[in-house]
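Count the sequence shown with our numbering and you get residues 10 to 307, in order.
There could be a bad hint or two in this list.
Pairs of lysine to aspartate or glutamate residues, derived as EDC-like cross-links and limited to a Cα-Cα distance of at most 20 Å, are as follows [what the hints assert, rightly or not]: (1) K133 - E260; (2) K105 - D82; (3) K193 - D109; (4) K193 - E154; (5) K249 - E150; (6) K98 - D109; (7) K133 - E113; (8) K159 - D141; (9) K193 - D217; (10) K249 - D232; (11) K105 - E150; (12) K105 - E48; (13) K74 - E260; (14) K159 - E142.
Calculated directly from the structure, the hints in this document are not laboratory data.
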Amino acid sequence: MLNLTRLLANCTLTLQPLHQRGAVALLQQQLRTKTKYVEKPKPGAGQQFRRIVHFPDQYTVQPLKITHLAGRDPVSGRMVAKGIGGGIKQQYRWIKWVRDGPSEGAPQEERVVELLRDGCRTAKVALVAVGDELKYILATENMREGDILKTSRFIPRIPVRPNEGDAYPLGALPAGTRIHCLEKNPGQPCHLIHAAGTFGTILRKFDDKVVVQLPSKREFAFDRTCMATVGRLSNIEHNKEHVGSAQRMRELGNRPRSGLWKRKEGKHGRKIRRLPPMTTIAPPAASKEQEIRMTLNL
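With these hints in hand, go ahead and build the complete structure from the sequences.
This is the structure in structure tokens:
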């Protein structure tokens with residue numbers, strides 16, 4: 010324990026004539042307010058501890074540089090997620106989440122140049138050309154090189170008949186359409202339904218809202234001007250891929266979990282035992298008769 014006089018010499022504070030214990034508590038409180046502590050973050054709050062992507066100022070289709078964190082906090086360096094580490098070096102491709110098109114007239118046409126796999130995502134990525142611009146989007150299930158995609162923000166009176174990969178507002182699509190890359194609010198990036206093989210379904214419309222069933226089977230009502238891409242995302246067999254070996258898990262960036270405490274077999278864990286034999290329920294014991302004593306004394 011630090012000496013109280015040494016702490017008083019290093020800190021500028023005035024102590025009133027209090028009890029010694031109260032003075033030490035006051036000193037510790039003032040020191041605690043002056044010292045900056047780095048709190049350990051908690052996983053599951055939307056922060057990534059696998060990698061840091063270094064985004065440039067302007068959009069580019071060149072692979073971006075990555076700094077692997079291996080489950081550590083980038084500020085304090087403390088271990089946060091234990092199941093992350095290793096893995097094959099991947100290249101990160103910047104997805105253009107905003108599908109912007111004309112508000113009036115004919116829709117904008119885009120051509121699919123190339124389909125490729127991105128190690129940082131589960132779904133495939135499509136390189137799309139529109140005019141003199143190149144951009145990456147998420148590929149759909151049946152998308153092929155050379156396909157022509159349409160993008161528009163116009164909502165006609167009669168719903169359109171879209172093809173896979175086309176981007177329209179929810180109000181322009183008919184009920185029953187499968188969609189992905191959905192905007193939560195108009196003008197925001199399309200940050201809903203990104204995983205491989207997933208899709209949302211347009212159920213019904215009322216007033217200025219469109220009801221969409223997300224992959225979690227929950228229903229949400231979005232504004233009719235929210236943009237969405239038509240079709241189911243590619244790589245639908247992703248959840249059925251067989252890993253096959255521990256080395257493959259290391260290549261995927263997952264640390265081994267061997268040697269950990271097991272709930273059923275470990276020390277102080279729940280043991281699997283046979284049930285006890287049948288027990289016969291005996292009748293309750295008979296109550297003893299009360300002994301009556303009589304005397305002739307008066």
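Evaluated hints:
The hinted pair formed by K133 and E260 meets the criterion: a straight-line CA distance of about 19 Å does not exceed 20 Å. Restraint check for K105 and D82: the C-alpha separation of about 27 Å exceeds 20 Å, so the hint is violated. About 15 Å separates the Cα atoms of K193 and D109, which keeps this hinted pair within 20 Å; it holds. Note on K193 and E154: the hinted pairing is violated, with a Cα-Cα distance of about 29 Å set against a maximum of 20 Å.
A distance of roughly 16 Å separates the Cα atoms of K249 and E150; the hinted pair therefore holds under the 20 Å criterion. Our distance criterion of 20 Å between C-alpha atoms is broken by K98 and D109, whose separation comes to about 32 Å. Proposed proximity of K133 and E113 is contradicted: the alpha carbons are some 31 Å apart, above 20 Å. A threshold of 20 Å between alpha carbons decides the hint, and for K159 with D141 the separation of about 16 Å falls inside it, so the pair holds.
Restraint check for K193 and D217: the C-alpha separation of about 15 Å stays at or below 20 Å, so the hint holds. A hinted pair counts as satisfied when its Cα atoms are at most 20 Å apart, and K249 with D232 does not qualify at roughly 35 Å. About 19 Å separates the Cα atoms of K105 and E150, which keeps this hinted pair within 20 Å; it holds. Among the hinted pairs, K105 with E48 is inconsistent with the structure: their alpha-carbon atoms are about 34 Å apart, more than 20 Å.
Distance hint between K74 and E260 is fulfilled; the C-alpha atoms sit about 19 Å from each other, no more than 20 Å. As the CA atoms of K159 and E142 are separated by approximately 15 Å, the hinted pair is consistent with the 20 Å bound.
Comparing the model with each earlier hint shows violations of hints 2, 4, 6, 7, 10 and 12; every other hint is respected.
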